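Peer 1: The listed protein sequences correspond, in order, to chains A and B.
Using the numbering used here, the first residue of the first sequence is number 125, and each one after it goes up by one.
Using the numbering used here, the first residue of the second sequence is number 1083, and each one after it goes up by one.
No wet-lab data here; the hints were simulated from the structure.
Among these hints, one or two may not hold up.
Going by beta-carbon spacing under 7 Å, a handful of chain A positions derived as facing chain B [claimed, not checked]:
1. G187
2. A233
3. R235
4. F238
5. A239
Here chain B is said to cover these stretches of chain A; the calculated rule only asks that three of the stretch's residues, wherever they fall, bring their Cβ under 8 Å from a Cβ of chain B [as the list claims (entries may be wrong)]:
6. 190-201
7. 241-251
Sample of chain B residues lacking proximity to chain A, with all beta carbon distances greater than 12 Å (derived) [claimed, not checked]:
8. R1260
9. T1278
10. K1295
11. E1429
12. L1459
13. D1462
14. A1473
15. D1532
16. T1534
Owing to the predicted nature of the structure, the values given are computational and were not obtained by experimental measurement.
For every residue, glycine included, the Cβ atom is placed at its ideal position computed from N, Cα and C.
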Amino acid sequence: MADGRTISRRQFVVAIAGTAAAAAATVVVISRNGGSDPTAGSTSTPPPQGTSATIPEATPLDGVRAVGEVYRAEYPEDTSPEALAAAVPGLSGMTAEQAMAELPNLDEAIRGDFADANVVSVDGWILSVTEAQASGLISTLP
Amino acid sequence: MLIDTRDLPRDTVLEADLCIIGGGAAGITIARELIGSGLDVALLESGEWEADPATQMLYDGESVGEPLLRGVQLMNLANSRLRFFGGTTNHWVGWCRPYDPIDFEVRDYLPISGWPISRDDLLPFYERAGAVIQLGPFEFGAEYWSNEGLGPVLVESDRLETGVLQAKGTFKFGEVYRSEIVSAQNVTLYTWANVTEIVTRGDGGGVEDVVIKTLSGNEVTAQAKAFVLAVGGIDGPRLLLASNAARPAGIGNENDLVGRYFCEHIHAPAGVAVFGQPTSALSLFPGRSIPVTGDGYAADATITPLGFLRPTGTAMKAEGLLGFDTAVAVLDLVAMVNQIERFSAFEPADFLAYTQAITGGAGQSMAFLSIQAEQSLVADSRVTLMEETDALGVPKPRLNWQVGPDDRQNLARGIDLMARELGRQGVGRLKPEPGQYSTEMLAFFGLDADTTLPFDQDPENYPIGIGFHHMCATRMDPDPTRGVVDTDCRIHSVDNLYVSSASVFPTPGAATPTMTIVALALRLADHLKSRLV
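Build the full structure now, drawing on both the sequences and the hints.
Peer 2: Laid out in structure tokens, this is it:
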């Protein structure tokens, strides 16, 4: 409730909690003393599903290239092709498709960046420097 | 028993062993605990069963402190609490969780922090509070609920973890417990009974009686062996300060502490997060109602567990962070696309595909993150009195709510921690947007969906909101130079006056306060039984 208007707490909490009623799959009957009732049935409301199949336009390479291009545009002084190739040497000399296949090998370095706060803001998104450089490089590859 | 105070002969003296001022969650809880105790209990309620505009206006006052949303809104005292039986639970949605162990600890980066009781001390009362509020099992960790089939735990690390709130749903103490209170042989509920003054004995000792007035013009008094002030975090300090006939500074205010350190929960959007997992991986966050069985539960009783993100105590100490609970509002496809378009230069599909690729996840999903944060203690954040009085002659409250100089930076640092930890755990990516309120949040503040708040990325300019949680203005501390009430919640300088509300919290924490209010009320009820029976 604010400014004298009759907006309820419930509206507020539902608002910040999101679609609270949307997800329901298997009903679990909970006892205050713990435990569950495995005989309970299921509800009729299915859970929200993954959405990758319903946004058909972008491939992983599309996404990486898009991020890489914005990164390069925002940090032109750090993202010459030579600088990016030097920053992520394991991906240089590859095609974009080949470099995409190597991305999982950067996972440890990317996680390490986040642990060390070695991050960069790209369009406001907080990314690891390694992933931004890799994306930047891939966006220059054929 | 039920008595309409308007119908009592003028100057009637009500006599009881215990007089509870305020029929909200705390007052009702204490009264219920004393049913059958042999004590005569008078429970004084300002209103009756529904909101009454004239009674509600007795809360009216002036807010001169921190503007909400950078001045787009001001805190409205008249409607931030409800003044009828059940109190503010009458519009409470019911989200509950206990405070965390770190909330009770001394933190060297948070001046005058530390509760004089530990989480372990309060634990049995938290468990009893769960029964009072009719929650489910005393389980607030994500792993338990995940094992119960509510969905996987999104993140659980040494820095960021998933907690769980529980709600019975709309739970109005007045509706749930009215019959029990009214039918109790040793409890008398007085409706339309507004306490306008607490009168202490001339020797500076205990409370002699309280003056009760009705808006219809009646006036009576109540005498008791002990009194409990259970009227909320602004009206409690107000009544103590206004009761200044025998003590010019007000009751309990010998050290100029009554009304100081007033705290709220700081609300702010954290931003948007994209995850490399399908929406089904986030099913703990939407929450869902599930049946609950047990003694005292209706056949169709349900509870709703709801996940949220919070920093671990280890991370808070390591980084000097105040607490923050982060709601994760999972978006459906349309909202997901709209939010990315609103908040990002990227094509929605591109950034979703990117996040899935970079995290190696099995799907794509997105959520809007909102923070409820702890604030630091500020001595000048306080409740004082205006010269103007209400319809019953009591000075109106003036609230000067202040946040600490680093509290907005704390929001930014907390958001940064979440962004780093979601990345370190390979879960997703976060775009901090601490000023970008969702359309639902704008509606909560009475603003149109297309409202643009004055905002920039400087944390000092975050347009913060509040949780309508009034805390800490009569803090608990064994040292009377640091707190207004002792560890029994008794006012240090008054031998028979207790306070039961979030006003006694020594620090505000980040959790919703009601479960702790009820736990402390239960603890106080036990103390009163041992003292008075």
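Peer 1: Does A233 (chain A) pass the interface check with chain B, least Cβ-Cβ distance below 7 Å?
Peer 2: Not OK, violated: A233 (chain A) not within 7 Å of chain B, min 12 Å.
Peer 1: Go through the hint on A239 (chain A) and say holds or violated, using the shortest Cβ distance to chain B against 7 Å.
Peer 2: Hint holds; A239 (chain A) Cβ to chain B Cβ min 5 Å, cut 7 Å.
Peer 1: Return the status of the interface hint for F238 (chain A): holds when the least beta-carbon distance to chain B is below 7 Å, violated otherwise.
Peer 2: 4 Å, holds
Peer 1: Is the claim that E1429 (chain B) lies outside the interface with chain A correct, judged by CB distances over 12 Å?
Peer 2: For E1429 (chain B), whose nearest Cβ neighbour in chain A is about 7 Å away, the distance does not exceed 12 Å, so it is violated.
Peer 1: Test the statement that R1260 (chain B) is away from the interface with chain A: the closest C-beta pair must be farther apart than 12 Å.
Peer 2: Given a closest Cβ separation of 20 Å, the condition holds.
Peer 1: Are three or more residues of the region 241-251 of chain A within 8 Å, CB to CB, of chain B?
Peer 2: holds (count 7)
Peer 1: Can the hint on G187 (chain A) be confirmed by a CB-to-CB distance to chain B that is less than 7 Å?
Peer 2: With a minimum Cβ separation of about 3 Å from chain B (threshold 7 Å), the hint on G187 (chain A) holds.
Peer 1: If we take the beta carbon of D1532 (chain B), is the closest beta carbon in chain A still more than 12 Å away?
Peer 2: 16 Å, holds
Peer 1: Confirm or reject: L1459 (chain B) is not an interface residue toward chain A, with every Cβ-Cβ distance exceeding 12 Å.
Peer 2: Given that every Cβ of chain A is farther than 12 Å from that of L1459 (chain B), nearest at about 25 Å, it holds.
Peer 1: Would the non-interface assignment of K1295 (chain B) survive a Cβ cutoff of 12 Å against chain A?
Peer 2: 25 Å, holds
Peer 1: Given R235 (chain A) as an interface hint, is the shortest Cβ-Cβ distance to chain B below 7 Å?
Peer 2: Constraint on R235 (chain A) satisfied, holds at 5 Å.
Peer 1: The output says T1534 (chain B) does not contact chain A. Does that hold with a beta carbon cutoff of 12 Å?
Peer 2: 17 Å, holds
In summary, the structure is inconsistent with hints 2, 11 from the numbered list given earlier, while agreeing with the others.
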